[in-house]
Structures are given as structure tokens and as C-alpha cells.
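Student: Given next are the chains, with one letter for each unit.
2 protein chains.
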Amino acid sequence: MRRSIRMSLNILGSMALDSVETPYGREVDSLGGSASFSALAASLFCDVRMIGIVGTDFPKENMKIFEERGVDTSAVEVKDGATFRWRARYKHELGHAHTIGTEFGVFEGYLPDRNSIRNGESLLLANLDPDIQNWLLEGEAQPGFVACDTMGLWIKEKKSSVLKLLRRADLLLINDAEARLISGERDLIGAARYLRSKGVNMVVIKKGEHGALFFTDRIHSMIPAFLLENIKDPTGAGDTFAGGMIGYLERAKGNINDMLLRRALVYGSIMASFAVEQFSVKGLLQADAKAVKGRYKRFLELTGF
Amino acid sequence: MRRSIRMSLNILGSMALDSVETPYGREVDSLGGSASFSALAASLFCDVRMIGIVGTDFPKENMKIFEERGVDTSAVEVKDGATFRWRARYKHELGHAHTIGTEFGVFEGYLPDRNSIRNGESLLLANLDPDIQNWLLEGEAQPGFVACDTMGLWIKEKKSSVLKLLRRADLLLINDAEARLISGERDLIGAARYLRSKGVNMVVIKKGEHGALFFTDRIHSMIPAFLLENIKDPTGAGDTFAGGMIGYLERAKGNINDMLLRRALVYGSIMASFAVEQFSVKGLLQADAKAVKGRYKRFLELTGF
Chain W
0 MRRSIRMSLN ILGSMALDSV ETPYGREVDS LGGSASFSAL AASLFCDVRM IGIVGTDFPK
60 ENMKIFEERG VDTSAVEVKD GATFRWRARY KHELGHAHTI GTEFGVFEGY LPDRNSIRNG
120 ESLLLANLDP DIQNWLLEGE AQPGFVACDT MGLWIKEKKS SVLKLLRRAD LLLINDAEAR
180 LISGERDLIG AARYLRSKGV NMVVIKKGEH GALFFTDRIH SMIPAFLLEN IKDPTGAGDT
240 FAGGMIGYLE RAKGNINDML LRRALVYGSI MASFAVEQFS VKGLLQADAK AVKGRYKRFL
300 ELTGF
Chain F
0 MRRSIRMSLN ILGSMALDSV ETPYGREVDS LGGSASFSAL AASLFCDVRM IGIVGTDFPK
60 ENMKIFEERG VDTSAVEVKD GATFRWRARY KHELGHAHTI GTEFGVFEGY LPDRNSIRNG
120 ESLLLANLDP DIQNWLLEGE AQPGFVACDT MGLWIKEKKS SVLKLLRRAD LLLINDAEAR
180 LISGERDLIG AARYLRSKGV NMVVIKKGEH GALFFTDRIH SMIPAFLLEN IKDPTGAGDT
240 FAGGMIGYLE RAKGNINDML LRRALVYGSI MASFAVEQFS VKGLLQADAK AVKGRYKRFL
300 ELTGF
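In order, the protein sequences belong to chains W and F.
Everything in the first sequence is counted per numbering that gives the first Met the number 0, starting at 0 for the first residue and increasing by one.
Everything in the second sequence is counted per numbering that gives the first Met the number 0, starting at 0 for the first residue and increasing by one.
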């Protein structure tokens, strides 16, 4: 019953079966999706409720993975049909995924249950069709803090929906290529200025293995990515970053200041570092509070001067 | 007479006339060359003696620029013939220069005067033919601390000479693409391990706008690049980084510890940030001690968490 009175971080996003090939291996129908990575990362910091949809072919073991991390999956619909599937290949340069196929499956026509969220609760709109993201925002319940992520596909195909989202969101996470695409600016400070002019106060620009930038009305911050030797599969790194960052902020709720915002960026980066070391969510599942603390300490050493 | 008894940082490298085009402008026969950028950057921190060669067509105003920064140019030969010239174009992505032409001019057959350096003095071998770099090292005078830089051209054409250089040098500065090229490793930690196994104890891997990594037997360090909005011409950024870093170390000579080495990386990055804001050495010439101090403070703010 505890969960029914606690405030949770709601995470809307995709739950998927990913088939990914990198120079370091290949997996078929592994657990993936923006909500999956984000929720597992955030679950180390706060209570999480996932909002999404899967098909009847979604393995029960996957659902168990969330439950074992204490993630509330009661707002995940199970619908007759196929789970969202993504197939991709990474070349030796791991920076860029070459999408081979995307099958939306049960996500076609999906509209989340607006009653899933309650007034004042935080909301992370992980990467998903911006019309679905906006739909959840326009319900009766008014979420508190709203963070969102998006991707190039939506910027190209539904730019006005993405811009609409920015008018309502408090924080946007976006990668460097996407920030350049939506703003038309090569320079990332200029891109962040453009995005903030569209209504979102805080902007995180993720640069993959090169770290991240963070902009608010008072903050310009830059952090390197956690230095790793063995990156096997970058899938979900950005989603994990988002979950780690917003989860960390949720834990500190009501006590957020500039330094805490900057530190949240570091926790996002650290969580992403676990995700990319293995395929699917495996690396993320090995991260516990102690491992996170260890990497935070190491991050301090790596960046000290 | 003061200069004759003080220890100097000796900088061997190219002195050139650069013709560079970027999306932000175009210059013809501007002051360039690895030694030029390195020396101007280092001169803010320590006494500098340049070692190099120019043709009789090298403008007197250029020589004056060094002298006004207190750089000792007595070891710069002036020879009948043409100064080294480099022509290049940068596309909208400023990361990579497309070389249009290189004319070595008086650098063909150049061997520096080994008597230019004195026992125990520090030496920065800025990017240049590794056979010339090695030649200076093999003289009677034994320099103290030796830092060196190189580039893809020499790795491709004279790899054994570059490797020979690494056996003698204490510190190598190299960019990420070059580190991958020489080591055959995609991963930069692996590349640094390869380079260190070749005899050079300290390795800086420069990642351009993405910062730098630093490896010694005890240190793994990563710093972001100074966040800039207006980059006009990246030419000389790496050379300037080297000059700033080694100049800072030279100033602290005899008192070097791990934290100081890490901080030297930040000063390298800060000096490079001035260089890229304008064409040729113009940005660098605007940097004085106060401006450097200001950017160091700003760097602390940008990277704090």
C-alpha cells in the first residue's frame, strides 16, 4: 500500500524488443525501449511508475526485471499484438546507430491512460512520438516537473508537435545532432538558446562519448562522459542518462539548487556508463547503489584539477 | 643579459605562412606554424626560445610579434628561399582541415642548430618532421623535460621515427584520430596504453572541441574543452594547447605534482580557446594574464558539480 501514497516519477516511453548488432556481438529481441532504460536507471534513485504498452509477445521475464527493481508497472498496458521492435547495427564507430527496421506494433494508435499520473507528480517523457507525449500532458492531472526527450525522426516528421512539447516541458534532453537539426545552428550554445526560446527552461545536450552540456537561465555547465575502455552497445545510453538525471532530481525533490542540477548531470552520465558496457539492459542491472557511488567517486578523480 | 642566464623553454617547430578558409572568413599568408602558436601560448607562462627556420620572405612584422611577447628568436634561422606555406579549407564542421597544399620551402633539409639548447632545459618539439625532432634530441646538450607533438602525416610516412621519438620523450600530445592511427586501437584508453608502452610516460589525447584526456602511470584525467560560441578558425588549436600546457609546467618547474599536471591540461585548453576565436594568432595575441585568469575561473564554474 505504500506505493499508493508515495509520489512517483512517472516515465512514459517505449518498451521494445531490440535486435542490435555491434562489432562486439549481436542480440535478438532483447529488452529495450526508452522507458525501459530510463526506468531502470531512475529506479536506483526514486520510486518509478512506467507508462507504456507491450504486446502479448512481451516476455514475462522482462516484466519481472522491472518488478525486481521496484518499478510500478501497473500502468503498462498489455495488448493483443506485437511489441514495438527495433533492429539496428552499429559500425566500428559506435557513435551512430544504423536503423534497419522499426515496427511500432501495439504503439500504433496508442494513447496512454491519463489517469496514470497524479497532480504534482514528476513526469519524464522518454523518447516517443511527440503526439503521445503531448496527449499525456493535456490530461486533467497536472504533473509537476516535466522532463522530455526526443529524436531526429520526430524533429523531421513532427516538428510542430515537438515544439508544442517544449512550451510545456521544464527540461529537455536532446543529443547534439538533434539539437543542431531542430535549431539549424551548428553551434551548441546557439542551439540551446534556440530551444530555450521555445519555452523549455533547462536544456541538456548529450554528446555521447564526449559528455554533455547543460543550460538554464543561470547555468552553463559541461561535463565529460565517464571514461570507459569497453563499450559494447551504446543502445539506450541517452535514455539511461535521462533516467539517471531525472531520478536523481526526483530523489532530491523540493531541495533542488544549481549545484544539485549540475550533479544530476554527472549521475546521468554515470548511469549511462553502466548501460553501454553490455548489451540491452544487462550493464544497467549490474549497477547498484554501491557501484554508482564508486563511479561517482571515480568521476571526481577523473575530472579533478 | 638576463636571458642568457635564465633557463628557457625551447620550442622547435614550424614557422609558416598559412592561407586558411573557413565558413567565417579567409586569410592569405597569415602567421602560422606549430612553433608560432606554441611559443605565443607558452610565453604567457615562462621564458621561451624558438628554434626554427623562415625564408627571407617572412614578414618582419611577424618576427616582431614574437619579440613583443618576449620570445627569444635568436635561434630562428633566416635562409634565402620561401617560408613554409600551408593552405587549407575547413568545411562547416570545423573539426577537420582539408589541406590544399603544403610547401616546405626552407624546411627542406633543415637541421636545427643543436647548440641552441642547453643541458637541463625543457624542450617542446612541436609538430614537425620527426627526423628533425630526433636530430635535435641527439645533440650533445641533454635537455631535461621533453614534450612532443606529431601528426597523421608523420605517423603514416615515418612511423619508426615517431616511435623513436617516443622512446626519448617524457610527454606526448596527440589528437584522437592520430592516437587511433598510430595504435590501431579505436578505444582511447587502449591507444594511450599502446603509446605509453612505447616509452613515453605521459600522454595527452586532444579531442578538439570535445576536450582532452591525460594518462600517466598514476593519472587518468579527462577535461572538457572550454565552451565557446564563436569558433572562427581551429588552426593551431593543438599547438596552442601544447604551448599553454608545457609553458604552465615550465613555470612551476621543480614543483610538479599530479594536481599541477591536471591543471596544466586546463591551461592548455584555455589557451586553445583564445586561438580558435580568431584567424591566425590574433585571438592568442589578445590573451593576457588577466584574460587567462578570467577563463580559468570560468572553467571552474563551467565544470563544477
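Rather than coming from a laboratory, the hints here were simulated on the basis of the structure.
Where hints are given, some of them may not hold.
Treat identical chains as interchangeable: a pair holds within one or across any two.
Below, a list of computed lysine to aspartate or glutamate pairs in the EDC-like style, where the Cα atoms sit at most 16 Å apart [claimed, not checked]:
1. 90 / 186
2. 231 / 60
3. 231 / 184
4. 231 / 186
5. 296 / 156
Student: Hint compliance check: list the failing hint numbers for this structure, sorted ascending.
Tutor: Hints 2 and 5 contradicted; others consistent.
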